[in-house]
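There are 2 protein chains.
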Amino acid sequence: MTLAGNVHVIIMAGGVGTRLWPISRRSRPKQFQPLLSDRSMLVDTYERVLPLTTPDRIWLVTGTEFVALAHQQLRDVPERNLLGEPVGRDTAPAVARAVAVIARHEPGTFVLATPADSFIGDPAAYRDYVAAAMQVATNGAIVTLGVTPTRPDTGYGYIQRGERIEGHPAAYRVRHFTEKPDLETARRYLSAGGYYWNMGQFVFRARQFMARCAVHLPEVARAMETLAQYDQPTAEALQAAYEPLSAISFDYGIAEKEANMAVIPTALDWSDIGSWRAVKDIAARHGALPPSSGNHIRVGGENCLLLTSSGRLVVTVGADGYVIVDMGDALLVVREDKAEDVKEAVEEIERRGKGEWL
Amino acid sequence: MTLAGNVHVIIMAGGVGTRLWPISRRSRPKQFQPLLSDRSMLVDTYERVLPLTTPDRIWLVTGTEFVALAHQQLRDVPERNLLGEPVGRDTAPAVARAVAVIARHEPGTFVLATPADSFIGDPAAYRDYVAAAMQVATNGAIVTLGVTPTRPDTGYGYIQRGERIEGHPAAYRVRHFTEKPDLETARRYLSAGGYYWNMGQFVFRARQFMARCAVHLPEVARAMETLAQYDQPTAEALQAAYEPLSAISFDYGIAEKEANMAVIPTALDWSDIGSWRAVKDIAARHGALPPSSGNHIRVGGENCLLLTSSGRLVVTVGADGYVIVDMGDALLVVREDKAEDVKEAVEEIERRGKGEWL
Numbered sequence: 001m002t003l004a005g006n007v008h009v010i011i012m013a014g015g016v017g018t019r020l021w022p023i024s025r026r027s028r029p030k031q032f033q034p035l036l037s038d039r040s041m042l043v044d045t046y047e048r049v050l051p052l053t054t055p056d057r058i059w060l061v062t063g064t065e066f067v068a069l070a071h072q073q074l075r076d077v078p079e080r081n082l083l084g085e086p087v088g089r090d091t092a093p094a095v096a097r098a099v100a101v102i103a104r105h106e107p108g109t110f111v112l113a114t115p116a117d118s119f120i121g122d123p124a125a126y127r128d129y130v131a132a133a134m135q136v137a138t139n140g141a142i143v144t145l146g147v148t149p150t151r152p153d154t155g156y157g158y159i160q161r162g163e164r165i166e167g168h169p170a171a172y173r174v175r176h177f178t179e180k181p182d183l184e185t186a187r188r189y190l191s192a193g194g195y196y197w198n199m200g201q202f203v204f205r206a207r208q209f210m211a212r213c214a215v216h217l218p219e220v221a222r223a224m225e226t227l228a229q230y231d232q233p234t235a236e237a238l239q240a241a242y243e244p245l246s247a248i249s250f251d252y253g254i255a256e257k258e259a260n261m262a263v264i265p266t267a268l269d270w271s272d273i274g275s276w277r278a279v280k281d282i283a284a285r286h287g288a289l290p291p292s293s294g295n296h297i298r299v300g301g302e303n304c305l306l307l308t309s310s311g312r313l314v315v316t317v318g319a320d321g322y323v324i325v326d327m328g329d330a331l332l333v334v335r336e337d338k339a340e341d342v343k344e345a346v347e348e349i350e351r352r353g354k355g356e357w358l
Numbered sequence: 001m002t003l004a005g006n007v008h009v010i011i012m013a014g015g016v017g018t019r020l021w022p023i024s025r026r027s028r029p030k031q032f033q034p035l036l037s038d039r040s041m042l043v044d045t046y047e048r049v050l051p052l053t054t055p056d057r058i059w060l061v062t063g064t065e066f067v068a069l070a071h072q073q074l075r076d077v078p079e080r081n082l083l084g085e086p087v088g089r090d091t092a093p094a095v096a097r098a099v100a101v102i103a104r105h106e107p108g109t110f111v112l113a114t115p116a117d118s119f120i121g122d123p124a125a126y127r128d129y130v131a132a133a134m135q136v137a138t139n140g141a142i143v144t145l146g147v148t149p150t151r152p153d154t155g156y157g158y159i160q161r162g163e164r165i166e167g168h169p170a171a172y173r174v175r176h177f178t179e180k181p182d183l184e185t186a187r188r189y190l191s192a193g194g195y196y197w198n199m200g201q202f203v204f205r206a207r208q209f210m211a212r213c214a215v216h217l218p219e220v221a222r223a224m225e226t227l228a229q230y231d232q233p234t235a236e237a238l239q240a241a242y243e244p245l246s247a248i249s250f251d252y253g254i255a256e257k258e259a260n261m262a263v264i265p266t267a268l269d270w271s272d273i274g275s276w277r278a279v280k281d282i283a284a285r286h287g288a289l290p291p292s293s294g295n296h297i298r299v300g301g302e303n304c305l306l307l308t309s310s311g312r313l314v315v316t317v318g319a320d321g322y323v324i325v326d327m328g329d330a331l332l333v334v335r336e337d338k339a340e341d342v343k344e345a346v347e348e349i350e351r352r353g354k355g356e357w358l
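Residue numbers (the working numbering), protein chains in the order written: chain R, 1 to 358; chain H, 1 to 358.
I should point out that these hints are in silico values taken from the structure, not numbers from a laboratory.
Since the model is a prediction, treat every value here as computed from it, not as a measurement.
Idealized CB from N, CA, C, for every residue including glycine.
Check before you lean on any hint, since a few could be wrong.
Said to hold, decoys possible - Derived lysine-lysine pairs resembling DSS-like cross-links, with alpha carbons at most 30 Å apart:
1. R:K343 with R:K180
2. H:K280 with R:K280
3. R:K354 with H:K257
4. H:K280 with R:K343
What the hints assert, rightly or not - Covered by chain R, according to a simulated footprint, are these stretches of chain H (three or more residues, beta-carbon under 8 Å):
5. 313 to 320
6. 337 to 350
Only chain R is shown next, with the shape it has when bound in the complex (with noise of 0.2 Å):
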């Protein structure tokens, strides 16, 4: 925990949440909104990672509509900490934009990159974790957090270990990534053992992960190492740098490249929180109900879930294994195993000119 101090954090928030809907909108999307909380999962996400350092190392990537939201949530976060791109290109570009800047000033630092909305039932030990994972990246190593999966999830990621890293018991190197996989898949992974949920938390120290960025993305790196030249790049100099860059995640274009790569197994209570079943499911785990969910009477079919923002009265009777989201002006009612299919619903409210509630 002695190198805690020193750490910078990349809050990575541009995503658009479209599986949340109707609580993640266009111009306020999901990691801005309190969900399991009272706090936004931004906020949660803030508050996870501060005590491993100070305000004015934690950086976030996000659209540039929202970086004025993201300081009204983030008061104690340096205004220039917080960094707008005017178009998405997943995360490999967004990671690198705020590394440019970090590896300008403090090369040798190390950095953690955390997606904006995950759920970590346990922010003490993902903090142990986190520093333990400073210690393998100190010689150069990306190195990220695997979850020991306890059911054969299709919705995540997977990573293979391969051998112990030496001097560092409780890390191995990675032998592969894999994106979500059957089901049959899932349970070899399962009883083989050896397979971790891919977080999508990094750590690596900035100077090594530009040099590293240089090889797999050479035009990323180029783009943000431009860019970090200016204290506050025009409008213009933002969009010359991201338009013609692809866009790339950071599992595809850096992690699964990389032959450097660390995994540390842990066993965090761990969620991606990108879709209504996710919540449901988190909800259900931890009794973690959203403090707007009061006014609900079920009979019969235990298992569903509401939130509400509206204080009507809401009823259920004989409805199992449902989400209920209950806005001032629009109200989504969706059977947990279809909950990926909001997408579609979303899809389907703009081909029918009701953008207004998008």
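Assemble the complex: chain R is given as a structure, and chain H must be docked to it using the hints.
Just chain H now, with coordinates in the frame of chain R:
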């Protein structure tokens, strides 16, 4: 149809419609609400019977607190025809109340008593059956209409026919009334034939009815004949007449005891609009969606009925076999095969001290 001009019609509108919450409310029960058309069930019933008679021969029996509401909806019916009950004592006293008034002035007239909450698919055919029932009632019988069952429904009462009535080829003596049967019994009725759903529609002559009522329910007949002496009974007189009576339905109190009962089988498309399941079934058969149900997007699960008065966008994903009722202050999500349990939900609302939503 030559007899029709003289008929008096009593619309029984004393129900509370608990199972149709949240459209049915204490201050505005279901029969006063639009549900399957843009008119209330009461107005639908009034329009259905109006071609049989004239507005001054149409009577309504309802709670005293709803007389003003009924007057707003039935502007052509004289106020003296809107009979308020200080307490509900079920349908036998309600019918007797109106017949006692009618009989004072036109003892020989035919009377049709009809619930305010029936759906009847073909009103013209219905009126023809009523005209036929009047012919059968000429000699003093109480005549009811039965619906030839198309499925072993356990939600309706059944009427077993006896022998054919001479001179009336379409009418039978009633052998037996049965309450809602279990599924096995309902199946037996269906395969045996000669059983009909009890629509709760009764046709008789006024004086004969009062005579039979005096035999079967003497307290009811006395109380209502006393009230009928007043042009406008005082609240005290009403209370004195109703308070001592036991609640008893027309079926139990009159029809099941009466020897001279006849039934006319019909092929009417009829439903008792008693539950959300019934509403959904009718909507499915007739494509009769309520006028305000437009702002609904479905993904998967086509078998889902939405009623909304809020104008909100409602999205259902994978919701199959559900009714969703979306009001300004309350939302109900009910699985259709649990529609009867809305009653329990209403009791729970009461227990939790949320009576303002009832």
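Unsatisfied constraints (hint numbers, rising): Number 3 - this is the single hint that the structure violates.
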